[in-house]
Amino acid sequence: MSVSEAEAELSEDERAGLELIRQSGGIHQSDFWKELDVSSRKGSRIAEALASTGLIEREDTVYNGHNTYYLQPAAKDLDFALLMAGDMLSPFIGEEEINANSDAFSQWLMNLAYDDY
Amino acid sequence: MAFEDLLNDPVIQKYLHELVGPTGMPVAAAPPDGEVTDEELAEDLDLELNDVRRALFILYENDLATYRRVRDEDSGWLTYLWTFEYENIPENLKEEMHRLLEAIEQREEYERTHEFYLCEVCSIRFEFGEAMDFGFECPECGSPLESMENNHLVDAMTRRVDNLRDELNVDATS
Numbered sequence: 001m002s003v004s005e006a007e008a009e010l011s012e013d014e015r016a017g018l019e020l021i022r023q024s025g026g027i028h029q030s031d032f033w034k035e036l037d038v039s040s041r042k043g044s045r046i047a048e049a050l051a052s053t054g055l056i057e058r059e060d061t062v063y064n065g066h067n068t069y070y071l072q073p074a075a076k077d078l079d080f081a082l083l084m085a086g087d088m089l090s091p092f093i094g095e096e097e098i099n100a101n102s103d104a105f106s107q108w109l110m111n112l113a114y115d116d117y
Numbered sequence: 001m002a003f004e005d006l007l008n009d010p011v012i013q014k015y016l017h018e019l020v021g022p023t024g025m026p027v028a029a030a031p032p033d034g035e036v037t038d039e040e041l042a043e044d045l046d047l048e049l050n051d052v053r054r055a056l057f058i059l060y061e062n063d064l065a066t067y068r069r070v071r072d073e074d075s076g077w078l079t080y081l082w083t084f085e086y087e088n089i090p091e092n093l094k095e096e097m098h099r100l101l102e103a104i105e106q107r108e109e110y111e112r113t114h115e116f117y118l119c120e121v122c123s124i125r126f127e128f129g130e131a132m133d134f135g136f137e138c139p140e141c142g143s144p145l146e147s148m149e150n151n152h153l154v155d156a157m158t159r160r161v162d163n164l165r166d167e168l169n170v171d172a173t174s
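Chain order of the listed sequences is Y and S. Counting from 1, position 8 in the first sequence corresponds to residue 8 in UniProt numbering; the numbering is continuous, with no gaps. Counting from 1, position 154 in the second sequence corresponds to residue 154 in UniProt numbering; the numbering is continuous, with no gaps.
These are computed hints drawn from the structure, not numbers from a lab. Each hint should be verified, as a subset may be incorrect.
What the hints assert, rightly or not - Computed far set for chain Y versus chain S, every beta-carbon distance over 10 Å:
no. : residue
1   : Glu14
2   : Glu19
3   : Leu20
4   : Ser30
5   : Lys34
6   : Ser39
7   : Phe80
8   : Asn99
Said to hold, decoys possible - Computed cross-link-like contacts, DSBU-like style, restricted to lysine-lysine with a CA-CA straight-line distance of at most 35 Å:
no. : chain 1 : residue 1 : chain 2 : residue 2
9   : S       : Lys94     : Y       : Lys76
10  : S       : Lys14     : Y       : Lys34
11  : S       : Lys14     : S       : Lys94
12  : Y       : Lys42     : S       : Lys94
13  : Y       : Lys76     : Y       : Lys42
14  : Y       : Lys76     : Y       : Lys34
15  : Y       : Lys76     : S       : Lys14
Predicted model, so just to flag it, every value in this text is computed and none were measured. Built from N, CA and C at the ideal position, the CB exists for glycine as well.
The following block holds chain S by itself, in its conformation from the complex (with noise of 0.2 Å):
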């Protein structure tokens, strides 16, 4: 098996596990060395063809395999030749932390030009003026809404962002 140094990290398990789903994942966890078919992998996986197809379109997608196709000469049928590229992966990981660092900083603004209050019976939380339009009762329920804090939250996003940029290498642009 190939990449074993990279499919050791267990983020790197999950990622390919969200892309190809758990259907797809024995063939996303196993890549060998070198080209392979999909009915070759099928075979020694175990597994039904469309599902290993499924799994190596997904990878391709995400530039994490590629194909050549090859005529059979007597046949006349065209076999896709498969190359496992997961050397890709920590690059795609970069991307999706870049990705994160954006998402956060868009919401830790929202958090903190935002007043919010909660029901704590169902658990549900509301902004300021949509609590306002229920006349601070909850919808659900019926129950008071409560002010609420969310500065803990705030600072585990600050905190999550300074380490992102740091990690990163981007400079604070606020």
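Bound-form chain Y, shown alone (with noise of 0.2 Å):
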């Protein structure tokens, strides 16, 4: 199933989830259930449901000295065009170290001070 047909088939509790999340770009399953304003247990289920379709990522973490989890949008999400310099991709994909004072890098820098004319 593609990203926006699990989407589609999503309830309305887990939509305005999904929607909370995108736009906090990351939250504590502790603070989501209060805002969305549902009780714990549904709130639980809700983000349970969004991670199982893959259209968040949801991880153990500890947060004001208690475990919870970490919910953010899946990184399928992120506007990948920000590696983008004009047409020149970042030249650190496929490097080991990045080094901010290489030639490479230098072009691609002139090519995003040139794309904001």
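Hey, can you piece these two chains together into the complex? The hints should help.
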């Protein structure tokens, strides 16, 4: 199932939850259900359902001294075009180390500045 | 073909091209569903077996393909059965966004704290100290070096840093 199909099949609560996670960029599950104004049990079910579709990532974490989950949008929702300057991709792809003074990176930065005009 | 959603993204196409190069691109651009052998790919795509293997191992090194080995009972030869793991592409690109952010931040600091001089003929840029050592004359062509503003560059960097931090949900460190 593709991402858009998975999204079309969400319940209203799940859709609201997904929206909240996307808008916040990342939120702890213990804040998530409060913001959504649902019970913690229901909040947990929503987060679980979203994680199982791959629309969000759900990781164990400790927050304010208790165990909870950190919920964030799936990486595939990121704007990968931010790796581009003009038609040039980040020069660090395929490189072990990043070198902020390399010629390739200077070229990338020139493209970035030029693209801005 | 699998992973069509991802492969429609021009940035992802560019990413794969960067990894495997032009010869490997037919392999990287058309991942089949399920398992496939290197020989099947070479046959289907009409490529040299070596080029196919090279592309597959690059994908493997980048967590974008896995293989299992099966021994043919008659011949005793090993067959490699490959699976494309392109669901890892977004995670890899996310990591690349973090690396790019770090590099721009480092470079931004350098750009802000140095003065630059330019030879307008050769388009070569020098740091203040270098320019002074050359007596503010281009060592290539002898033209006078002119003081160079980099505000525009720094502004463009700052904007991209803000956008990346926002997208990756990273707080400003300074």
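To see whether the hints hold, each was checked on the structure:
{"no.": "1", "hint": "Glu14", "in the structure": "holds (20 Å)"}
{"no.": "2", "hint": "Glu19", "in the structure": "holds (16 Å)"}
{"no.": "3", "hint": "Leu20", "in the structure": "holds (14 Å)"}
{"no.": "4", "hint": "Ser30", "in the structure": "holds (18 Å)"}
{"no.": "5", "hint": "Lys34", "in the structure": "holds (19 Å)"}
{"no.": "6", "hint": "Ser39", "in the structure": "holds (27 Å)"}
{"no.": "7", "hint": "Phe80", "in the structure": "violated (4 Å)"}
{"no.": "8", "hint": "Asn99", "in the structure": "violated (8 Å)"}
{"no.": "9", "hint": "Lys94(S) <-> Lys76(Y)", "in the structure": "holds (8 Å)"}
{"no.": "10", "hint": "Lys14(S) <-> Lys34(Y)", "in the structure": "violated (42 Å)"}
{"no.": "11", "hint": "Lys14(S) <-> Lys94(S)", "in the structure": "holds (15 Å)"}
{"no.": "12", "hint": "Lys42(Y) <-> Lys94(S)", "in the structure": "holds (30 Å)"}
{"no.": "13", "hint": "Lys76(Y) <-> Lys42(Y)", "in the structure": "holds (26 Å)"}
{"no.": "14", "hint": "Lys76(Y) <-> Lys34(Y)", "in the structure": "holds (27 Å)"}
{"no.": "15", "hint": "Lys76(Y) <-> Lys14(S)", "in the structure": "holds (16 Å)"}
The structure does not agree with the numbered hints 7, 8, 10 stated previously, though it agrees with the rest.
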